[in-house]
Every structure is written in structure tokens, then in C-alpha cells.
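Engineer: Take these sequences, add in the hints, and give me the full structure.
Residue 338 in this note's numbering is what sits at position 133 of the sequence shown, and the numbering runs on without skipping anything.
Among the clues, some could well be false.
[Unchecked claim] Pairwise CB distance ranges, derived in the manner of DEER restraints:
#  : residue 1 : residue 2 : range
1  : A419      : D273      : 40 to 50 Å
2  : G386      : V272      : 35 to 45 Å
3  : Q248      : P279      : 22 to 32 Å
4  : P279      : A366      : 35 to 45 Å
5  : G247      : G309      : 25 to 35 Å
6  : S393      : E368      : 22 to 32 Å
7  : E276      : E368      : 21 to 31 Å
8  : R413      : D273      : 35 to 45 Å
9  : A404      : E361      : 28 to 38 Å
10 : Q308      : R266      : 38 to 48 Å
11 : D401      : N343      : 41 to 51 Å
12 : S393      : Q248      : 34 to 44 Å
[To be verified] Straight-line alpha carbon distances no greater than 20 Å define the calculated SDA-like cross-link-like pairs of lysine to any residue that follow:
#  : residue 1 : residue 2
13 : K398      : A365
14 : K259      : P350
15 : K398      : G386
Calculated from the structure, these hints are not laboratory results.
Being a predicted model, the structure only gives us computed values, none of them experimental.
Glycine included, every Cβ here is placed at the ideal spot set by N, Cα and C.
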Amino acid sequence: MAFPFSLVIFDLDGTLVDSAADIAESVNRTLSDWKLPTYDVGQIIEWIGEGSRKLITYAFRHAGSEVDIDEVMPGFLVHYAETALDAIAYDGVVDTLAALHAQGVKLAVCTNKNEEFVRPLLEARGMLPYIDGIVGGNTLPERKPSGVPLLHLAKEAGVAASETLMVGDSESDMLAARDAGLPFVMVSYGYRKSLDLHAIGALAVIDRMPDLLAIGSSR
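Structural biologist: So this is what it looks like as C-alpha cells:
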């Protein structure tokens, strides 16, 4: 059965790649620079999903620091650049992208990670040849949970919103899809925090990315 959408927009962290360990490392290196306590990956995952400024804001607030985040960000971005390519693709992701691409489905990535870190990571993990469009957290004036980046990618691809699917793992992805009026699929293995994936109106909740290829039968 042919895939029922002409464009699929994927979140990156927690959806295509497991980046929790490298994000945690960059956060902890930054906290150490400021002589603040560091945290385990489980805690830092709770702060992922809204972009790097929010991530660092939450970490420093949790550590009891009132330092100006503008002073912290340059150092964090240095550490992030040192660790960003350590993220690993989840099982079956690259094969799924290749299968969709082979069917003529256009593919894009919408992430709140700064754009300059996205393309090198996609290239390092063998995904870039299949990706037609990229929007990072600093690409447009608005980022997820706004639906603007998703509609921008659809327009760029020449695909109607009704033929576009969002795939993500977090509340930010769900809210962006709703704001843009797009159907969405959630992955169960990402950084959902306390979000009840089965109660938010997703077209499907999948445990492995290859399961995405079977959603045609449920639409």
C-alpha cells in the first residue's frame, strides 16, 4: 500500500536520534564551567525539547543560579558543538527514511536545535541524502510549538497541509502539529516527559520508526 502522505516532517532529538547523552554532557560541562552542580541524563531529559536557551535556563534555575543566560550561551554552544555528533540514530530510522524516499515521499526535519548543528548530524548518521528540507530553532522567527515552521516546510516542498504528516515525540511536536492543522504520529521511545501519547489525538503511536510505513492501513 502506498504511503498516504506526500510530505513527512520529523522532529530530530528523541525521534530520529537519541541525543540525550550528548546533550547532558554539554549541559554538565557548562554547569561545571560555572562551578554549579551537574545532573544525570534522566533529569536533563526533562528539560529537552524547547531549544537550547530554554534548556540552559532550566538547568541553571534548577542549580539555583541567577546568572544571565546570555553570558552562558556562548560557552554552552562550544560544548554542544563538541558533543553534537555523538547522537545515534534509533533502530530502523535510516531504513525507514530510505523506504519513504524511494516511494517519492518528501521528507523534512523540524527541530528546536540550532540549524547549524542539524545538517552535520544528519550527514554523519546517513540521513541527509533523504532530507528535502530543514528548519532549526533559529531558522525562522518562530519555532515549535508554533505551527509556522511546519507550514513553512510544507510550502517549501509544494505540498498541501492536508498531505503533510508530522512525526515527533514531545508536547512541542504535538502542539506545533495542532497549530498547523496537521495530522501527527508520536513515537513512544523519545522524550515525552509526562505526556500521555494515547490521549492527544495522534493518528498513531509507534514503538519503532519502521512501524510508520504501515500507517496507510489506519488512515
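Engineer: The structure should be examined with respect to each hint, and the outcome stated for every one.
Structural biologist: Hint check:
| no. | hint | in the structure |
| --- | --- | --- |
| 1 | A419 x D273: 40 to 50 Å | holds, 49 Å |
| 2 | G386 x V272: 35 to 45 Å | holds, 40 Å |
| 3 | Q248 x P279: 22 to 32 Å | holds, 24 Å |
| 4 | P279 x A366: 35 to 45 Å | holds, 38 Å |
| 5 | G247 x G309: 25 to 35 Å | violated, 40 Å |
| 6 | S393 x E368: 22 to 32 Å | holds, 25 Å |
| 7 | E276 x E368: 21 to 31 Å | violated, 45 Å |
| 8 | R413 x D273: 35 to 45 Å | holds, 43 Å |
| 9 | A404 x E361: 28 to 38 Å | holds, 32 Å |
| 10 | Q308 x R266: 38 to 48 Å | holds, 45 Å |
| 11 | D401 x N343: 41 to 51 Å | violated, 31 Å |
| 12 | S393 x Q248: 34 to 44 Å | violated, 21 Å |
| 13 | K398 x A365 | violated, 31 Å |
| 14 | K259 x P350 | holds, 13 Å |
| 15 | K398 x G386 | violated, 23 Å |
Violated hints, listed in ascending order, are 5, 7, 11, 12, 13, 15; each of the other numbered hints is respected by the structure.
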